[in-house]
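**Q** Here is what each chain is made of, one letter per residue.
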Amino acid sequence: MEERDPDLNSASRTDNGRIKLNVGGKLFETTAHTLRSGGPDSLLAALSDRTAEDGEPIFIDRDPEIFSVLLSLLRSYRLPSTARRFSKQDLVEEAQYYGIEARLRSAMAPPPLVGFDAALAATIRPASDGFPTALSAGSGDGSVWIAHGGQISTYDWSLAHAGTVRTHLDQITSLRRVWPEIAGIGSLDSPGLHFYDVSSSRHVGSAHWSDPSDPRVYKARVTAIAAAAGAESSGEPVFAALECPHRENCILAVDRTTLKIVAEIGRQSGGAAKAAAAGKLVHVRERGVVFAAAVSAGAFGYSGYMRLWDPRSGEAVWETSEPGGGGRSTRFGDAFADADADVDPEGQRAPAIYKVCWKTGDVGVADMRMLGEDPWVYLEERSPGLRNAGGGRNSVLHCYKGQVFVSREGGLEVWSRIEDEEEEDEDAGISGTSYRRNFVDREEDARRGLVKRMEGGGDRLFVSREGMEGIEVWESSDLSGAISLL
Amino acid sequence: MPPFSGRLPSSAGLNPKRPEPSIVTLNVGGQLFQTTPQTLSLAGPKSLLSSLPCSSSSPSEIPFIDRDPQLFSLLLSLLRTGRLPSSSAAFDLDDLLAEARFYGLDADLLLSPLSDPSLFDPFALRRSLALPLPGRDPPSALSAAPSGSLLVAHGSKITAFDPALRRRATVLTRFPAVDSLLALSPSLAAAGATDFPGLHLLDLARAGSVAHALHWSPLPATATTSSSSSAAGATVQAIGASPDLLFGSFESCRRNASAILAFDRNTFEPVAEIGRREIYGAELDSAIPATKLSWIHGFNLLMAAGSHGGPSGLLGNIRLWDVRSGEAVWDLKESADCFADITVSDSLSSLFKVGVNSGEVFMADMRKLSAEEPWVCLGDARKAATGRKEGSGCRIESHGRQVFCSRGGEVEMWTEVLMGPSTRSREDGLNGERIMRRNMMGRAKDGGAKKITLLGFGGSRMVVARKDEQCVEVWESSAWS
Numbered sequence: 016m017e018e019r020d021p022d023l024n025s026a027s028r029t030d031n032g033r034i035k036l037n038v039g040g041k042l043f044e045t046t047a048h049t050l051r052s053g054g055p056d057s058l059l060a061a062l063s064d065r066t067a068e069d070g071e072p073i074f075i076d077r078d079p080e081i082f083s084v085l086l087s088l089l090r091s092y093r094l095p096s097t098a099r100r101f102s103k104q105d106l107v108e109e110a111q112y113y114g115i116e117a118r119l120r121s122a123m124a125p126p127p128l129v130g131f132d133a134a135l136a137a138t139i140r141p142a143s144d145g146f147p148t149a150l151s152a153g154s155g156d157g158s159v160w161i162a163h164g165g166q167i168s169t170y171d172w173s174l175a176h177a178g179t180v181r182t183h184l185d186q187i188t189s190l191r192r193v194w195p196e197i198a199g200i201g202s203l204d205s206p207g208l209h210f211y212d213v214s215s216s217r218h219v220g221s222a223h224w225s226d227p228s229d230p231r232v233y234k235a236r237v238t239a240i241a242a243a244a245g246a247e248s249s250g251e252p253v254f255a256a257l258e259c260p261h262r263e264n265c266i267l268a269v270d271r272t273t274l275k276i277v278a279e280i281g282r283q284s285g286g287a288a289k290a291a292a293a294g295k296l297v298h299v300r301e302r303g304v305v306f307a308a309a310v311s312a313g314a315f316g317y318s319g320y321m322r323l324w325d326p327r328s329g330e331a332v333w334e335t336s337e338p339g340g341g342g343r344s345t346r347f348g349d350a351f352a353d354a355d356a357d358v359d360p361e362g363q364r365a366p367a368i369y370k371v372c373w374k375t376g377d378v379g380v381a382d383m384r385m386l387g388e389d390p391w392v393y394l395e396e397r398s399p400g401l402r403n404a405g406g407g408r409n410s411v412l413h414c415y416k417g418q419v420f421v422s423r424e425g426g427l428e429v430w431s432r433i434e435d436e437e438e439e440d441e442d443a444g445i446s447g448t449s450y451r452r453n454f455v456d457r458e459e460d461a462r463r464g465l466v467k468r469m470e471g472g473g474d475r476l477f478v479s480r481e482g483m484e485g486i487e488v489w490e491s492s493d494l495s496g497a498i499s500l501l
Numbered sequence: 008m009p010p011f012s013g014r015l016p017s018s019a020g021l022n023p024k025r026p027e028p029s030i031v032t033l034n035v036g037g038q039l040f041q042t043t044p045q046t047l048s049l050a051g052p053k054s055l056l057s058s059l060p061c062s063s064s065s066p067s068e069i070p071f072i073d074r075d076p077q078l079f080s081l082l083l084s085l086l087r088t089g090r091l092p093s094s095s096a097a098f099d100l101d102d103l104l105a106e107a108r109f110y111g112l113d114a115d116l117l118l119s120p121l122s123d124p125s126l127f128d129p130f131a132l133r134r135s136l137a138l139p140l141p142g143r144d145p146p147s148a149l150s151a152a153p154s155g156s157l158l159v160a161h162g163s164k165i166t167a168f169d170p171a172l173r174r175r176a177t178v179l180t181r182f183p184a185v186d187s188l189l190a191l192s193p194s195l196a197a198a199g200a201t202d203f204p205g206l207h208l209l210d211l212a213r214a215g216s217v218a219h220a221l222h223w224s225p226l227p228a229t230a231t232t233s234s235s236s237s238a239a240g241a242t243v244q245a246i247g248a249s250p251d252l253l254f255g256s257f258e259s260c261r262r263n264a265s266a267i268l269a270f271d272r273n274t275f276e277p278v279a280e281i282g283r284r285e286i287y288g289a290e291l292d293s294a295i296p297a298t299k300l301s302w303i304h305g306f307n308l309l310m311a312a313g314s315h316g317g318p319s320g321l322l323g324n325i326r327l328w329d330v331r332s333g334e335a336v337w338d339l340k341e342s343a344d345c346f347a348d349i350t351v352s353d354s355l356s357s358l359f360k361v362g363v364n365s366g367e368v369f370m371a372d373m374r375k376l377s378a379e380e381p382w383v384c385l386g387d388a389r390k391a392a393t394g395r396k397e398g399s400g401c402r403i404e405s406h407g408r409q410v411f412c413s414r415g416g417e418v419e420m421w422t423e424v425l426m427g428p429s430t431r432s433r434e435d436g437l438n439g440e441r442i443m444r445r446n447m448m449g450r451a452k453d454g455g456a457k458k459i460t461l462l463g464f465g466g467s468r469m470v471v472a473r474k475d476e477q478c479v480e481v482w483e484s485s486a487w488s
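Residue numbers (this note's numbering), protein chains in the order written: chain A, 16 to 501; chain B, 8 to 488.
One chain only, chain A, in its complex shape (with noise of 0.2 Å):
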């Protein structure tokens, strides 16, 4: 639900405060509050201040159709349906002007994201090099950048492109956000851990793995990166998985500010599966520890380990390998495909790691307060139609907002979680009955291809597929886009 207009009582004030706008020779009547409400910085606030004796309007050289949306935005924290005449881009430009660009931004946001009501909104195209070799939603304003080739494109909250910067780099294979104008960037074709400025295109800084003991330690190639969303004044580092030509790898902390190497841990021979360079990185600040993973999929089906890293220790503080890592385990033979963990920086959920299988394609949860040998509790599909929907080959698995994207052939389904129904003990753990998956896409979506990534920012979800050029967006909608049949 919108905000209640604070301004309410103002209809029976008396004229203090009222102000004529004669905007492009069309006459407004507003106040100086709502004028005011676009931000103390905005130009009509600036305006509002102006005290006009003579009782002249004041004159605005702007096209007066496009203020009429945006003096309803300000009165009513709302987008008119008449905005629908206009480009996003004519509205951004006019908001700039009057300098209230937040109030449009809060008011075109798209509502929250919930992956059962999700639909297709828009898909990214850029110009040339479309395949997307790396994506970062980052920040929670719905924006994204995307690594294709050697570029990095990105795209503004109003997923209008806001630049390009093209890098030494030619394969851009890992890309995360580290400051909201710098990315961290790595390939694993080249060697080093990058940092760009996106908003000068320049290269502001690199990482490499040397061990002065040791050398064969030399052209460690990026494999992974992990930066924790809105920790940037944290002093929380940047965490970089490398590995060298020899496979030998390890996990590198770059302070955020100076982008030098502060420790490194979790060194691995990089002789077997289990002591593999770690495909996927996530810091949960909220545990103090580093989860990576690593799979590798054979003739024989997959294989892989996750661990959880104390950077400060440096010790592995929990790992379990697949197959046949924990002793006890109920699924042995059904490693893991791909797997994530979720972490809420509000801290209202337990940090928990989620992973799907590749034999059954079964969905395992584990909560990251309770680990042990074989903490996964794997969610029970409760539609009998719905059961055995294919293995978890190819699949991806993303945690976003408490939800779990799980790809599968195409298909993207999402687990929800419901809440229990007898009130149980906060600490009683997960169960797997308490969630429910449902379709995000239609089948006709699943045909455009494999998907590849998924990423959550914002309330937007961003997908990118094998062959596909682009990326596609899906958000929530509360349209409800009913179809003329007559």
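One or more hints might be untrue.
For the chain A half of the interface with chain B, some residues (derived, Cβ under 8 Å), not all of them [claimed, not checked]:
# : residue
1 : Thr-49
2 : Ser-87
3 : Ser-499
Everything labelled a hint here was simulated from the structure, so no lab data went into it. This structure is a prediction, so every number in the text was calculated from the model and none was measured. Cβ coordinates follow ideal geometry from the N, Cα and C atoms, glycine included.
Dock chain B against the given chain A, drawing on the hints supplied.
**A** Structure of chain B alone, referenced to chain A:
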């Protein structure tokens, strides 16, 4: 003196004794409006508009409202005439509703003309809209309220549409699949499933959180609200409601006992348990749970009907319950051409069924239920003997003075032809009986659509769901084509 020849009095047409109607002048966003306090008072006592002072002559005291003048002019037209002018088509209903909320106008003033039940014209129903549903689950239940709002269950989700058919919310339930659904109020829905215990009352305004969970356990003959363990809870086969009671047809999880429970619609406390049946020995058909519950307002009776597929075909029973005494006033066993679906029409005082074998529509007059064979076939009665399941999957619903029956992808409508006593003659072959006639609905281009799975009526609309279609279809009656 001929009329109009002289000088007309200055207050022509008005009672000269009455004072001049006072005029209210408003300045909305820089534009002046003039109207009467009477018009503004239609906005309701809580409205901002009814509290405005009557105008005085000095322009400095004209009340100023800092809102959009265009939207205000539409709302003023609505107050003046009771309907929105056509120029409102340039705006979304959302704009008008938000504006109405600001002025404190009752949203019903805007919404009710959109789907007024009195505007329901069965002969003018046209297939007009498809409302897409998110996800991949086809609709499994729907409930259309008289106000015109609509609830659709698909898989474990329920999507709510407001009277303007805008999607209001999609909420997740605990049920793996919702099988019965009933809208109790704009924000409260009753839902149940045949494979998950309990009847849940969902608060649609609060993301579908369960406001009450109603359970029935056959062991102690009591019904308890959420405190009882849900593990052994009974599942819900049907939901019905009267103006003050909510009915749920429960079947125990071991499927050996069933009952209809009546709950108070305000407190949701159990009020009565009626028609409790348990299976003893081989008497299988004694405990068929009711799969359809309909309240018959004119007779103060509850119709409960259930059927069960057995080796000798479909068996069923239809009972009319007096809720106060807990007695069945009428009990009919169905075996030969059991109903595939059944409905009650209050205004026609009749039960209607579609026979599973014949596929024909039958009528039973509620005033002559004591007869040996209450059912009168409205079509070709001989088809019952063929033994084919022509009626399987057919849906029958009544609304107003019509009965609608789906047949594959088509809907047929039965109307009673009212004959004066003198026009009945033996030559026409119309002897004393009530005359029902059918016609197919829709236009030629609407034919060939997929099989209809659900049929519902609410406001001035008919709502249809079809097999494997991820949307619901809305038929609206409009006087203007």
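**Q** All hints, please: hold or fail.
**A** Comparing the hints with the structure gives:
1. Interface hint at Thr-49(A): satisfied, since its Cβ lies 5 Å from the closest Cβ of chain B, which is below the 8 Å cut-off.
2. For Ser-87(A), the interface hint holds, the least distance from its beta-carbon to any beta-carbon of chain B being 5 Å, beneath 8 Å.
3. Because the smallest distance between the Cβ of Ser-499(A) and any Cβ of chain B comes to about 6 Å, under 8 Å, the interface hint for this residue holds.
Checked against the numbered hints above, the structure breaks none of them.
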